[in-house]
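Note that my numbering has the sequence shown beginning at 469, numbered continuously upward.
For the record, the hints were derived by calculation from the structure and aren't laboratory data.
Note that CB positions come from ideal geometry on N, CA and C, so glycine has one too.
One should not assume that every hint holds.
With a Cα cut of at most 16 Å, we get these calculated EDC-like pairs of lysine to aspartate or glutamate [said to hold, decoys possible]:
1) Lys698 / Glu708
2) Lys508 / Glu496
3) Lys576 / Glu697
Have a look at the derived ranges for each label pair, beta carbon to beta carbon [as the list claims (entries may be wrong)]:
4) Lys549 / Lys584: 23 to 33 Å
5) Gly666 / Ile504: 45 to 55 Å
6) Lys523 / Ser664: 14 to 24 Å
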Amino acid sequence: MKKVILFDLDGTLLPMDTDQFVQTYIKELALRVAHIMDPKLFVQALWGGTEAMIKNTDPERTNEKVFEETFLRLAAIEKEKIWPTLDQFYETVFPTFSYLSSPSAVAKQVVEEAIKQGYNVAVATNPVFPKAAITHRLKWAGIDDIPFELVTVYEEASFTKPHKQYYQEILQKLEVEPNDCIMIGNDKQEDMVAGSLGMRTFLVDGYVIDRGEVSYQIDDHGTLEELLEKLKNRVGIFSE
469 MKKVILFDLD GTLLPMDTDQ FVQTYIKELA LRVAHIMDPK LFVQALWGGT
519 EAMIKNTDPE RTNEKVFEET FLRLAAIEKE KIWPTLDQFY ETVFPTFSYL
569 SSPSAVAKQV VEEAIKQGYN VAVATNPVFP KAAITHRLKW AGIDDIPFEL
619 VTVYEEASFT KPHKQYYQEI LQKLEVEPND CIMIGNDKQE DMVAGSLGMR
669 TFLVDGYVID RGEVSYQIDD HGTLEELLEK LKNRVGIFSE
């Protein structure tokens with residue numbers, strides 16, 4: 469029987485202060501497009517496009533499509549006038565943000581141990597970023613060479629966290645049932661909502677995010693180091 473562990477990325481396999489990262493990312497990106505459009509309008513359009521992705525529940529439209537349509541409308545600009553600059557940013561500037569993360573060698577050990585224990589592994593990061601940006605963050609975490617069965621990116625996903633449809637889409641792509649999956653993350657809402665579908669959940673301590681909006685059952689929790697030991701010893705939710 470196929471068993472899968474889904475790993476969140478930011479704050480989980482890649483320890484970081486997400487708020488600080490997002491603030492720096494937006495500030496630097498706005499500066500890079502200042503010669504094309506007003507930075508304030510750009511930020512407004514960027515947030516508008518992101519909000520549209522988060523609200524979208526149409527399985528026929530990818531997050532990329534939703535963002536692009538909304539952003540270009542709000543920014544009142546043609547794609548060819550700004551997209552090359554955005555693409556260049558993700559290739560050359562985005563990689564320099566690695567200093568905002570605190571990579572841990574334990575992250576790769578955890579994923580490798582999961583594979584050793586017979587699990588298929590996937591990265592279930594919120595797909596609101598282009599593939600290029602997510603690939604860079606996998607490199608920062610030192611796990612870009614891991615044979616993940618799936619990495620959720622905005623070019624291919626049609627939903628975002630905390631929608632249950634986001635996890636249902638993953639289950640469909642991996643061809644598994646919820647009770648054959650474990651979701652590991654640091655967000656009490658966006659990651660732990662997977663438990664409401666029947667997945668088991670593990671909350672990684674250290675950079676926990678809790679908006680206090682909705683409370684979901686957490687089957688286990690601990691640091692990355694404790695997670696590694698539990699995997700090795702096959703205890704708790706890893707005992708089956």
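Status of each hint after checking the structure:
| no. | hint | result |
| --- | --- | --- |
| 1 | Lys698 / Glu708 | 12 Å, holds |
| 2 | Lys508 / Glu496 | 12 Å, holds |
| 3 | Lys576 / Glu697 | 13 Å, holds |
| 4 | Lys549 / Lys584: 23 to 33 Å | 49 Å, violated |
| 5 | Gly666 / Ile504: 45 to 55 Å | 47 Å, holds |
| 6 | Lys523 / Ser664: 14 to 24 Å | 19 Å, holds |
Violated hints amount to a single one, hint 4; each of the other numbered hints is respected by the structure.
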